[in-house]
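Chains as they are written, first to last, in the numbering used here: chain A, 1 to 473; chain B, 1 to 217.
None of these hints come from the bench; they were simulated from the model. We put the beta carbon where it would ideally sit given N, CA and C, even for glycine. You may find that some hints are simply not true.
Unchecked claim - Within a straight-line C-alpha distance of at most 20 Å, the following computed SDA-like cross-link-like pairs (lysine to any residue) qualify:
| # | chain 1 | residue 1 | chain 2 | residue 2 |
| --- | --- | --- | --- | --- |
| 1 | B | K11 | A | K309 |
| 2 | A | K204 | B | A82 |
| 3 | B | K7 | A | W217 |
| 4 | B | K7 | A | F213 |
| 5 | B | K38 | A | H223 |
| 6 | B | K208 | A | W161 |
| 7 | B | K11 | A | L215 |
| 8 | B | K7 | A | L215 |
| 9 | B | K208 | A | N159 |
| 10 | B | K38 | A | N156 |
| 11 | A | K309 | A | H223 |
| 12 | A | K204 | B | K95 |
| 13 | B | K38 | A | P155 |
| 14 | B | K95 | B | A82 |
| 15 | B | K7 | A | W161 |
| 16 | B | K11 | A | F213 |
| 17 | B | K156 | A | N156 |
| 18 | B | K7 | A | L212 |
| 19 | B | K120 | A | N159 |
| 20 | B | K7 | A | K309 |
To be verified - Partner residues aside, some chain B positions facing chain A, computed with beta carbon under 7 Å:
| # | residue |
| --- | --- |
| 21 | I4 |
| 22 | T36 |
| 23 | P37 |
| 24 | S159 |
| 25 | M160 |
| 26 | A161 |
| 27 | L164 |
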Amino acid sequence: MQVSTQVEVPVPPPELARVPLVANNRPLGWISDAVARISEIKTPTWWWIAFGISFTMMLVCFAMIAYLMSTGVGVWGLGHPVMWGWAIVNFVWWIGIGHAGTLISAILFLLRQRWRTAVNRAAEAMTIFAVMCAGIFPVIHVGRIWLAWWLFPLPNANNIWPQFRSPLMWDVFAVSTYFTVSVLFWYLGLIPDLAVYRDRARTKVRQFLYGLFALGWTGSNRHWSNYEKAYLILAGLSTPLVLSVHSIVSLDFAVSQLPGWHTTIFPPYFVAGAIFSGFGMVLTLLIPIRKLCGLEDIITKRHVELMCKVTLATGSIVGYAYGMEVFIAWYSGNPYERYAFWNRAFGPYWWAYWIMIACNVVIPQLFWFRKVRQNMLVVWILSVLVNVGMWFERFVIVVTTLAREFLPANWGFYAPTWVDICTYLGTFGLFFTFFLLFMRFLPVIAIAEVKGVTPQADPHHPLGGAREGGHHG
Amino acid sequence: MSDIFPKWTNKLPAYLLAAGAMMGTAVVAGVWYYFTPKYTRVGYQPIQPVSFSHHIHVEQLGMDCRYCHTGVEKSSHSNIPASTLCMNCHNQVLKEDPRLALVRESAATGKPIPWVWIHKTPDFVFFNHAVHVNRGISCVHCHGQINLMDEVQHAKPLSMAFCLDCHRNPEAFIRPPDQVFNLNWQPESQTKQLADGARLVREWRVEKLENCSACHR
Chain A
1 MQVSTQVEVP VPPPELARVP LVANNRPLGW ISDAVARISE IKTPTWWWIA
51 FGISFTMMLV CFAMIAYLMS TGVGVWGLGH PVMWGWAIVN FVWWIGIGHA
101 GTLISAILFL LRQRWRTAVN RAAEAMTIFA VMCAGIFPVI HVGRIWLAWW
151 LFPLPNANNI WPQFRSPLMW DVFAVSTYFT VSVLFWYLGL IPDLAVYRDR
201 ARTKVRQFLY GLFALGWTGS NRHWSNYEKA YLILAGLSTP LVLSVHSIVS
251 LDFAVSQLPG WHTTIFPPYF VAGAIFSGFG MVLTLLIPIR KLCGLEDIIT
301 KRHVELMCKV TLATGSIVGY AYGMEVFIAW YSGNPYERYA FWNRAFGPYW
351 WAYWIMIACN VVIPQLFWFR KVRQNMLVVW ILSVLVNVGM WFERFVIVVT
401 TLAREFLPAN WGFYAPTWVD ICTYLGTFGL FFTFFLLFMR FLPVIAIAEV
451 KGVTPQADPH HPLGGAREGG HHG
Chain B
1 MSDIFPKWTN KLPAYLLAAG AMMGTAVVAG VWYYFTPKYT RVGYQPIQPV
51 SFSHHIHVEQ LGMDCRYCHT GVEKSSHSNI PASTLCMNCH NQVLKEDPRL
101 ALVRESAATG KPIPWVWIHK TPDFVFFNHA VHVNRGISCV HCHGQINLMD
151 EVQHAKPLSM AFCLDCHRNP EAFIRPPDQV FNLNWQPESQ TKQLADGARL
201 VREWRVEKLE NCSACHR
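Construct the complete structure from the given sequences, taking the supplied hints into account.
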């Protein structure tokens, strides 16, 4: 007996209809083509120029590290009383940037924020490369880099272990766990898309390499079922990490008993700042990418707007934390605390403090305006300023507190050397070298996931499978 | 889709995993064995410029350690004697022996014999001989049975773990003070050692120094 293939499709009233996440009603095949195209076309000139600059800067970074190793930490501007300088500032800054990736991929996944699909792949890649840049600094700042393995609790002929009561030790575990889970999460998500690249490959080399890393993915039901389960588990594992890593980084400061550091607000305030800077960096990266790679229909203005809103929210939390720090310093009645904050705003580093306030508190407030959020150039400039501000935040925290100890005899002034500056700039080279390679050779967009949130993927949708007889038949 | 990889590659991950595990174990075991002082330092036995035998001098002649190493009870450093001290006996014993030519020359000219230093600690380690031998730690604990060696060799690892084994548990090592220079002394039993050791630790108020600056300054 012939069953009618007509399936009744309920159409929601217009005011409840969702705007599709992929603009212009692009079909599923178009999504694959648009993303895979980036690595299949001839390498664009802009890519070579950008890669050349990044690669050179990366070599500068390595040269600076070699110089540091061969000569000693004296080549940096460190000196009593400021024994933590740019190295720790840069470490905290990069690791903070790394927080947006996991937030987008894990927390927004658990919260069913479907717009994350367009941005999560690039954000996760950003996370991994940012954590790599961050990881360099604590390792090289120990001075005797060849003994950096002492950071790990390995049995040794000295019968001693690292100091487990030290937050610096917790850092080692927090950051290495974060990096491992982020890489696994990123790679797991890549597998179906790598299989797409493998199947589209025209050369033997591409077929072999994409095939190797696609791990024999065929897209069978069983593969998808395992994939979804693994993805959910990793999302669950990553979620606490979003909060724990920067909390522990903040404890590097908060556990010590210096005015300006010894505060309980540090963990939440650092986490908010990390997400703030991470979204700043995602915007900085994705606004040019959507233009250069022709992905405006996948990373739409709405996506950018949503990320602006996250930036606004976290930026406001950061602003509140700054205010609360100052209030508590006054309210505590402790003269050292009061002085620490007075010194931040009006001491020798006043300019750093006010750059921080301008970029982190004032600038994100512009994202209240739809006109600002819709203007890609403005958003891009503001997103860069967000990270300028966040770098100065870490500078203010690290340097102003150390430069003013309890005793005036221990006061000092810190200035970086050219090696500090070149090492920091060099890590941008490292970051962008990896990011450009990622852009060129791996899917910048999670193809399978974006397809999953299109109307066509819904079997009951007019454009979905149901219309042609559907999944029931 | 045609197969990119032949069928046997399905087993490759398992093989790689097994190989990786074996390699990892081998590397850990190798480092554990070959890269620790138990291997790198124990057994070091350089040929000395003069073939001085501790065995003959201590066991056959019955000399005390302190006849030559005079400073060991008073100084942080246990001294190597000047060659004039050798001549106290050797101006009569084995007077013309060619093996002692360098000793005679050194005693006459004052130019020291270039002994090869065997028991070295890093320069950030401050080991004090006097505090150890005056509190019941015998030569034998760190140097082994020197009294039986014809050519001295590095007998104990002298790693930091080696030091800490005793610093954390001195009862097991401290001996009666009159037996410190008797390198053949053995406790009657392990129980007696622990009982006597505990008593000595208490009476002498031996601190179990484990803080960094006990040895590193």
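Starting from A/K204, check that the Cα of B/K95 is at most 20 Å away, please.
violated, 86 Å
Does the alpha-carbon distance linking B/K11 and A/L215 stay inside the 20 Å limit?
Holds, at roughly 12 Å.
Measure nothing beyond the straight line between the CA atoms of B/K120 and A/N159; if it is 20 Å or shorter, mark the hint as holding.
The given pair, whose Cα atoms are some 19 Å apart, holds under the 20 Å limit.
Next pair to validate is B/K7 with A/W217; report whether the Cα-Cα distance is within 20 Å.
holds, 14 Å
For the pair we were handed, B/K38 and A/P155, check the Cα-Cα distance against 20 Å.
holds, 14 Å
Interface restraint verdict for B/P37 against chain A (beta-carbon cut-off 7 Å):
holds, 6 Å
Within a Cα-Cα threshold of 20 Å, do B/K95 and B/A82 meet the stated pairing?
Roughly 18 Å between the alpha carbons, so the hint for B/K95 and B/A82 holds.
Given a cut of 7 Å on the nearest C-beta pair, is the interface hint for B/I4 held or broken against chain A?
Holds - the Cβ of B/I4 comes within 7 Å of chain A, reaching about 4 Å at its closest.
Quick check on the hint: B/L164 CB to chain A CB, less than 7 Å?
holds, 4 Å
Just to be careful, I want the Cα atoms of A/K204 and B/A82 compared with a cutoff of 20 Å; is the pair within it?
violated, 78 Å
Is the hinted pair B/K11 and A/F213 satisfied, with a Cα-Cα distance of at most 20 Å?
With a Cα-Cα distance of about 15 Å, the restraint between B/K11 and A/F213 holds, given a limit of 20 Å.
Can B/A161 be said to touch chain A, with a Cβ gap under 7 Å?
holds, 4 Å
Violated hints, in rising order: 1, 2, 5, 11, 12, 15 and 20; the structure is consistent with all others.
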